[in-house]
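Turn these sequences into a full structure, and let the hints guide you.
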Amino acid sequence: MNNRNVIRVVLAVAVIGYLAYTNLSKPVATHAAASAPIPPHAKQFQIGSLQFAACELAQKKSGATTAAFCAPFQVPENRDAIPPAQRGGRKIDLKLALIRSDAEAADTDIVVYLAGGPGQAATETWPQMAAALAPLRKHHHILLLDQRGTGGSHPLTCPADTQDSEERVDLEAVRRHVRDCLAAVEKEADPRAYTTTVAVADLEAVRQALGAPQFDLVGVSYGTRMAQQYLMRHPHAVRSVVLDSVAPNELVLGEDFAINLEATLKVHSALCKQNAECARAFGDPYASLLKLRDTLHAQPQVYTYRDPLSFASVHKTINDASLAGLVRLFAYTPETAALLPLSIAAGLRGDYAPLAGQSELLRGDLADLGDNGMQMSVLCAEDVDLLLPRPQDEGTVLGTSIINVLKTECEVWPRGARPADFHTALKTDTPVLILEGELDPVTPPRYGEQVLKGLGNGRLLVAKGQGHNVIGRGCVPKLVDEFVGKLQPQNLDAKCLDALGPTPAFIDFNGSSP
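Heads up: the sequence shown runs through residues 2 to 515, numbered per our numbering.
Keep in mind that a hint or two might mislead.
Said to hold, decoys possible - Restraint ranges, calculated between C-beta atoms of paired labels, are given here:
id, residue 1, residue 2, range
1, Leu-349, Pro-390, 25 to 33 Å
2, Ala-418, Arg-180, 19 to 27 Å
3, Ala-59, Glu-173, 47 to 55 Å
4, Ala-65, Asp-308, 18 to 26 Å
Unchecked claim - Distance condition first, Cα-Cα at most 25 Å in a straight line; then the derived BS3-like pairs of lysine-lysine:
id, residue 1, residue 2
5, Lys-408, Lys-428
6, Lys-92, Lys-267
7, Lys-188, Lys-92
8, Lys-428, Lys-454
9, Lys-292, Lys-317
10, Lys-139, Lys-454
11, Lys-465, Lys-454
12, Lys-139, Lys-496
13, Lys-274, Lys-292
Treat the hints as calculated values from the structure; they're not laboratory data. The C-beta atom is built at its ideal place from N, Cα and C for all residues, glycine as well.
In structure tokens:
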């Protein structure tokens, strides 16, 4: 992954649903409200004005599929003030899928999964969320809408970036790539129309087409921005909200990336130093990381490793910028963070395969965000003009280049509209459950504390020792199910979270010390 895409990935962070039906000579169609019974053998049914038919959701890098029901849904690309009857211009198709409830007659409210990124698609990341939402699915349909510009919803796909991975971040090369991307995207889309605000309008249009049921919103990472913005615009449409790894409305995305990662790395290093075996093996992992960074800054290194997916021999160059991106990926989860001291020590010996090989698995679908123009449509409209220089980040592992790259991208990329109250703190009496990982390098617990201040019926749960995206951890799925069922966040018995904690650092590749 080249340096520019490392930076783009830095912006971002199962049980397969199976719907049984019989092979009838003619498909059974059912016209239903969201709560009306749907025969288990039905191959198609109608909710509101939407006709759903059995479909299969493909999984990236896999031959497996997820059984679902899909419905065609078209919206105007340009959602301006012109009345819909008079609105002309391009129409775009959105990919809309329903994971049918296990119950024949589901609850009247529908759970909506809002994916992260910005740039990830709900239908593509559903396999990673299926287990976490399985308890909710026992009584609720789950709605998956690929946000416009992602997945199957008119994606804003850029040409691959050809900048050499061993080069330093070249802002002129960034400009060239963004111009190329814009030229490709503008053939089929207006990039100004792919913001969070417009996507909120799309989601409300879907709700109306469904017959206007109430939604239970489940947002993860960037999806928490979507959830908050939707709740602000359509408060009566929302029954409950779960915010996993929340980005507060007030937050300008990009401003805290360096300091948040730095704080998390220092805590992981401190945990190692508190463990006698880890301290004996690695000393101060944070200090070792800084030493490795400085070494690679002075002299980037060419290395070879076996790709963990294809097993092909790969030759790459690593420098301080690419190291920072790799380290950040490791910090996302407690299991991979436990490998950091060992992997850093290997790097100091000239062996970069542990860092590189594991990162190929970690970044997974995040790699696709680097060539997704929707991410620029969101950030350029909503955040980048508010970013200020941060010279205080100069000595951090992540450094100061992110803001420079974002500013450069948005000099070229067209900027959509941002409502005047977009960055206003969320204030609501709607039941809200906030989930945070104690060691999240992207959205730390203080973000959850910030959002909690504006909630009349909210609660923050912090998962000890966990990183980014915690809804699938331990007993959290059970707590989320209880919250959505009873809407009493203060009454949740969260003692089961005490069983969570950081994964002990690996002393060697066999694991941690006994």
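We went through each hint and held it up to the structure:
no., hint, result
1, Leu-349 with Pro-390: 25 to 33 Å, "32 Å, holds"
2, Ala-418 with Arg-180: 19 to 27 Å, "23 Å, holds"
3, Ala-59 with Glu-173: 47 to 55 Å, "38 Å, violated"
4, Ala-65 with Asp-308: 18 to 26 Å, "21 Å, holds"
5, Lys-408 with Lys-428, "30 Å, violated"
6, Lys-92 with Lys-267, "49 Å, violated"
7, Lys-188 with Lys-92, "14 Å, holds"
8, Lys-428 with Lys-454, "8 Å, holds"
9, Lys-292 with Lys-317, "21 Å, holds"
10, Lys-139 with Lys-454, "32 Å, violated"
11, Lys-465 with Lys-454, "21 Å, holds"
12, Lys-139 with Lys-496, "24 Å, holds"
13, Lys-274 with Lys-292, "17 Å, holds"
Checked against the numbered hints above, the structure violates hints 3, 5, 6, 10; every other hint is satisfied.
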